[in-house]
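Since the structure of chain P is provided, determine the placement of chains H, A and W on it from the hints.
Chains as they are written, first to last, in our numbering: chain P, -8 to 161; chain H, 9 to 102; chain A, 48 to 139; chain W, 125 to 224.
There may be inaccurate statements among the hints.
[Unchecked claim] Computed Cβ-Cβ distance ranges for the label pairs, DEER-style:
id : chain 1 : residue 1 : chain 2 : residue 2 : range
1  : P       : T88       : A       : A130      : 37 to 43 Å
2  : A       : R124      : P       : A132      : 42 to 48 Å
3  : A       : D101      : W       : W221      : 40 to 46 Å
4  : P       : R40       : A       : P50       : 49 to 55 Å
5  : P       : R(-7)     : A       : P50       : 49 to 55 Å
The hints are simulated quantities; they were obtained by calculation from the structure and are not laboratory data.
Glycine included, every Cβ here is placed at the ideal spot set by N, Cα and C.
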Amino acid sequence: MRRALAYGTAWWVLVEGRSDTWVAGIIAAALALGARRLLDRTAAPVPVRIDVPGLLRFVPFFLRESVRGGVDVARRALHRRLPIAPALIPYPLTLRTRPAQIFFVNAVSLAPGMFVAAWTGDVVLVHVLDSGVNVAPRLRALEARIAAMLGEPAIPPWPPGSGPPAPPWR
Amino acid sequence: MAEAYMALAAFLVVNVGAGLWRVARGPTPADRMLAAQLFGSTGVAVLLLLAEAADAPALRDVALVFALLAVVAGIAFVKLGWSQDPLAEDDHAD
Amino acid sequence: MSPAGWTLDVALVTLILGLAWRLLWTRNLFEAVVLFVAFGLTLSLAWVRLGATDLALAEAAVGAGLTGALFMHARQRLAEKLAERAEEEVDG
Amino acid sequence: MPISTWLSIPLLLAGAFFFLGGTIGMLRFPDVYTRLHALTKADNLGLGLITGALVLEADGWAVRAKLLLIWILVLAATATLCHIVARAALERGIRPWRRP
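The shape of chain P in the complex, shown without the other chains (with noise of 0.2 Å):
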């Protein structure tokens, strides 16, 4: 039911609220929630639970990060000298669930100055504008931040002394 009115609302948003299309909506609406089925059958649901005041607090840093990322890369793209020094640096995941890890590799591209190049396994290889920028907190920020909205375990702090592990690169 919760899906039938998602559709639903999904439909009266792509036609821009017009009320004399609403024959044409329920039909869609009602294949949606066929295909729905279809793919729930042959593909292994992955459970994703978003966390509401999660999913809330999300979006402004989002937003912020967001600005921040374009006025860093504008920045830099319009400045004389081009203070760029890219490098790639190797960074464990600490999210665990793959739906997580999909969503932290791309809000990562959004992120300022980075962005992953490489994945394997819980190992991303993370391609930086300025390699001067310490980006492993803000890193394991936005991972602490994604976990919160999608109700995976609270992310451990960097253990004391211990460095990433070696990458398999190089």
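Showing chains H, A and W alone in chain P's frame:
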């Protein structure tokens, strides 16, 4: 206000033209693939502006198609057409 | 016609002609396919300016997206065939 | 002019500025990875600002929701595309540029 939207759309099209210079220039296929991203975001912006300027809501649907298409094109470039082959002369960056 | 609209049209026409020119003369097939997709999307914007929204949708989805993917695949197959033949010549 | 127009004009100008920054970065940056940075971040922010301006001017909540939906879709698309293009480039052996 419509005129402002139109001016911004014109500016964005010129902007895409400048970006496409990089696509034609390369040097690697990965550089050329950036065209998909460029059109994904800029094309959508142009269409949304035109939809508001010309009061044509259907253009927002075209923008939706552009957004989806950029991904399809990008994935097609990566998955279907980019492996070692004798056709590519300038594939390697130096 | 408004000055901004006029500028937009001139920019689109220049872009379409420039892309077509480059597309005809490039010797790199990968570049040609990418330029073809860019050409299709620009043409779609031109259809929008001409008031043919339905045509713009078709051009973007079929003209640029589907045909672009097919070209990409065709280029890949051609490259594989050429590589095979080159190997045969080396062996024989 | 209504107040929303006064709010949306700076948003539009800022959006144009970030699109310009993205293109300049794409032309000036030395390799495909750094160009990906410029393109994804600047253009996403530019599109977000322009969408924000249009949301202010739009009539009806359905239209606003649709504009936001399109932006989120583009965000997800560029984030994924950024990752797969970078991965493909690494697999193909394109070395990231380092400051000499």
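Here is what the structure says about each hint:
no. : hint                        : result
1   : P:T88 - A:A130: 37 to 43 Å  : holds (41 Å)
2   : A:R124 - P:A132: 42 to 48 Å : holds (47 Å)
3   : A:D101 - W:W221: 40 to 46 Å : holds (45 Å)
4   : P:R40 - A:P50: 49 to 55 Å   : holds (54 Å)
5   : P:R(-7) - A:P50: 49 to 55 Å : holds (51 Å)
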